[in-house]
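Q: Single-letter residue listing:
Protein chains: 2
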Amino acid sequence: MNIALAQLNYHIGNFEYNTNKIIEHIKLAKAKGADLIVFAELAICGYPPRDFLEFDEFIDLCEDAANQIAGHCIGIACILGLPVKNKVLAGKDLYNAAYFIEDGVVKSVIKKALLPNYDVFDEYRYFEPAREFECIDFMGVKIAVTICEDLWNINNNPLYVSSPMEELIKQQPKLMINIAASPFSYLHDEERVLVLSDNAKQYALPLLYVNQVGAQTEIIFDGGSLAFDNKGNLIDEMPYFKEAFRIYKFDGNIIEGYEPISHQAVPDVEQIYEGLVLGIKDYFVKSGFSKAVLGLSGGIDSALVCALACRALGPENVMAVLMPSKYSSDHSIQDALDLVNNIGCMHEIIPIGDAADAFDRMLAPAFEGLPFNLAEENIQARCRGVVVMAMSNKFGYILLNTSNKSECAVGYGTLYGDMCGAIGVIGDVYKTQVYQLSQYINKDGIVIPENSIVKPPSAELRPGQKDSDSLPDYDTLDKILFQYIELKQSSSAIIAQGYDEGLVRRIIKMVNNAEFKRYQTPPILRVSPKAFGMGRRMPLVGKYLS
Amino acid sequence: MNIALAQLNYHIGNFEYNTNKIIEHIKLAKAKGADLIVFAELAICGYPPRDFLEFDEFIDLCEDAANQIAGHCIGIACILGLPVKNKVLAGKDLYNAAYFIEDGVVKSVIKKALLPNYDVFDEYRYFEPAREFECIDFMGVKIAVTICEDLWNINNNPLYVSSPMEELIKQQPKLMINIAASPFSYLHDEERVLVLSDNAKQYALPLLYVNQVGAQTEIIFDGGSLAFDNKGNLIDEMPYFKEAFRIYKFDGNIIEGYEPISHQAVPDVEQIYEGLVLGIKDYFVKSGFSKAVLGLSGGIDSALVCALACRALGPENVMAVLMPSKYSSDHSIQDALDLVNNIGCMHEIIPIGDAADAFDRMLAPAFEGLPFNLAEENIQARCRGVVVMAMSNKFGYILLNTSNKSECAVGYGTLYGDMCGAIGVIGDVYKTQVYQLSQYINKDGIVIPENSIVKPPSAELRPGQKDSDSLPDYDTLDKILFQYIELKQSSSAIIAQGYDEGLVRRIIKMVNNAEFKRYQTPPILRVSPKAFGMGRRMPLVGKYLS
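Taken in order, these protein sequences are the chains called X and W. Quick note on this note's numbering: the first sequence kicks off at 18 and runs consecutively. Quick note on this note's numbering: the second sequence kicks off at 18 and runs consecutively.
By construction, these hints were calculated from the structure, which means they are not laboratory data. Treat the hints loosely; a few may be bogus.
Estimated spans, in silico, between C-beta atoms of each pair [stated by the list, open to error]:
#1 X:Q514 / W:I91: 36 to 44 Å
#2 W:G269 / X:D73: 44 to 52 Å
#3 W:F306 / X:D486: 22 to 30 Å
#4 X:D517 / W:E207: 51 to 59 Å
#5 X:D486 / W:G481: 47 to 55 Å
#6 X:D517 / W:M156: 49 to 57 Å
#7 X:D517 / W:R523: 56 to 64 Å
#8 X:A510 / W:L45: 34 to 42 Å
Taking lysine-lysine and the DSS-like style, the derived pairs with C-alpha atoms no more than 25 Å apart in a straight line are [what the hints assert, rightly or not]:
#9 X:K526 / W:K298
#10 W:K308 / X:K526
#11 W:K102 / X:K547
#12 W:K411 / W:K298
#13 W:K534 / X:K547
#14 X:K308 / W:K526
#15 W:K259 / W:K47
#16 W:K411 / X:K483
#17 X:K560 / W:K38
#18 X:K534 / W:K411
#19 W:K534 / X:K308
#20 X:K411 / W:K343
#21 W:K102 / X:K560
#22 X:K38 / W:K560
#23 W:K191 / W:K124
#24 W:K505 / X:K109
#25 X:K411 / W:K560
#26 W:K109 / X:K547
#27 W:K505 / X:K104
Positions of the beta carbon are idealized from the N, C-alpha and C atoms, including for glycine.
Model the full structure from these sequences, guided by the hints.
A: Printed below as a string of structure tokens:
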């Protein structure tokens, strides 16, 4: 039999768009001689639909779309992810499921058993886990179909107490198919290949795996659908960060015509770059906007975001606003203009002095006798926020936030100032990775001015200010932050690695005390295994290491 | 035996504070002749500890605190909620549990089976559900101890496929004890009494129920611990919104000395008032601040928030900032000053004209030839945001957000302008409820000026602006919003109730399109069954009814 895998970019809740795309690929697969086409987890509604799932009308629309699609499954069968109602009056109202459709009819319903409920995942919020398992029967072959997490229970301390494959294997399937919505992180592709390989090996079955691709606000799906032989060898790998479609010939025992290959390991920096570009592009396409605005300071963070946005949207759709103040260094404007010239985006220069001075005058009676401090620094950052938001409101540009992960972590940013924006482009990219990405972008010629890369980082909110006045060097800071945030190491464990005790405690305290700021930041494109936002949920008034 | 219930206000992650409070109440109970004292769910660390639970160090600190407390349980036993490690190498790493401590030793560990994972709850993110159940044995009596949700599975369509009491009852207990962290909503107290009563009746056992009290950022626990006889009659009800402590004499069959009573139904408006006052107070106490600042417009929303803050913090700790613009009506300043005079809080008058004019001049080249529109309206709101945040930064005042639920819902507010703040005081209070609360506050004499209550609502961002220019009357709007937000009704179901189809579709579209704004709003004190924030999780770029 010929099995097509459709690695597609869906749009949450856009039933017309998703349904048309699915039907188009059914027609394509049929024209190319496929007997079965496989779509990803929750393909009909996109992933994650979140609390839309709590509306009956939304579930009905999923079912309507499935019925429409079923009508096209004549002469070709289809496996299609969607939420389905739990008809038993006990347990949650829904299953995360897939329809196996043949001859225009739903022949069986595959239900997901292992419901991820960590990091960005909330599946047990909506879905009842499956407790009964049955292989599908197609062209005389038994196929064990599972949904994403169902295969992620292979290790010495599994997260779930049972595994669907342990039941399905008893029915002697000849092939495994897994449909997924498995988000990108720059550490996830290797893990995914390993886990799926372990499954193919353990059950001695070939395995076809289809993933979603595309970004849904902060979550980026990277595609990279996979095929394995029954020894666990990777035999095919579909492209990352774009839609793809392939047909495999399965003879009832093996997938024909493929040899073992190695996973194409791509450097982290390149993966992050591709992920961020896709993340920006899909945020705009899916929210119906085309033009972006950002504040361009001459520093490396905003330069990088500008370069990423120009790549994602085209430089003609990016407006860079230069907003110097009396504390801006001489070279800042020039560095920003150099970038604009290198890259060809639109720009405006709007000095903020008049507004900052007006606030100083307005507040003078209330602030009488009190020295310049953080309050005045923040006024400048907030004046810039007002200017870029005014540009956004006047022209319909979407404001890109340029805060990096290191500063988000320690709270080194002004709420309602430089923390404004509709989407945080590099909020999951540590400062040291910001440098790596900038060098990567410059690999074939200078885009980001050398001076933006080499000068000491500064917020330029008071004379001579440097990030290093209040923060350790970013190499050290980022390593400690990675231990605490990504690896969830306790302070004592981090100190035991040889870092200065006082420094570790001070940094963790800064991270915890900045929770109230991060609560109000824009959604952040997720590229690491632990991004700020929906995947990291901390108490605000809690008193722990704070 | 004498059983003490301790209804206490914990602080998340503040182990020293929680442990001292628990030990103090053990001593008190012992002095008063109690044989057993019962504390709430996760009493040791406070509820909800959220992702703190993912740090080993945090769990170790819980265990350390429990050991310290156990040392005080000599001559008195104790039931104490805490997270405990799952020692089996399968399933999640933790249980939501309780220690039964007797003679200074942990005699048994009660584990929660039913893990709420809806609305504000994320328990399956952290905890493995219990699958085995055993009554505790104390002074020769078997007691069925359960944790909160464990008793919430009594109806015709239960959320969980099994119930711990169905197992525990087989062991013939004589008493049920349930320890809880059950959040307040103005509709929840009646439901709680009913569900617990149904349990007492169904299992024909007396039931003692102890809840937490106090606010943890947005979640407010209202206390109201309860006692039932074995026919399901309510026989005692502890106070709401404050700490309380009572001792019950249980003779092995009945709780002695009590007769059936009715649940003390308190009007919604009074419950909301008490909840909000506690919410403000605990936000400040638990984050270590004492003074608040807010923008006072002369309108009813900020007047109400000011009155609530003065009640919670004392008027001497509240700074009201009046920020008139050229579009402010003549009476606005007077209405605001009347409130300040009535209530005795601090105030400053800081007109925003200079800053707004400065922005207009700065943006004139970029905006040349374009008419006044939303961009200029938002500049004014954002100038006010800059001013109140400057006051906050300079004096360490915490900014209270004054947006009501109706405007949060439809996106009628300026991001980084009037949507600024550390905590949203009335973001879960519809405009019609804002009026009710204001009347309630004025019941014994005018606090909120009559004019703020009776004048037509206006944002005053352009000449002659009224809320009714772009919104339906609040009576209609709030009813439609309640159907959509609290009751999750689909548009067709709401229209079927007789509301205008175009209006319903327009309002739902406004709600869905404002999701990106709500993503960046402050945490909102939750008083309804469905507040904006962590309990309502919607996609941002999703395209559904938008």
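Q: List, from low to high, the hint numbers that the structure doesn't satisfy.
A: none
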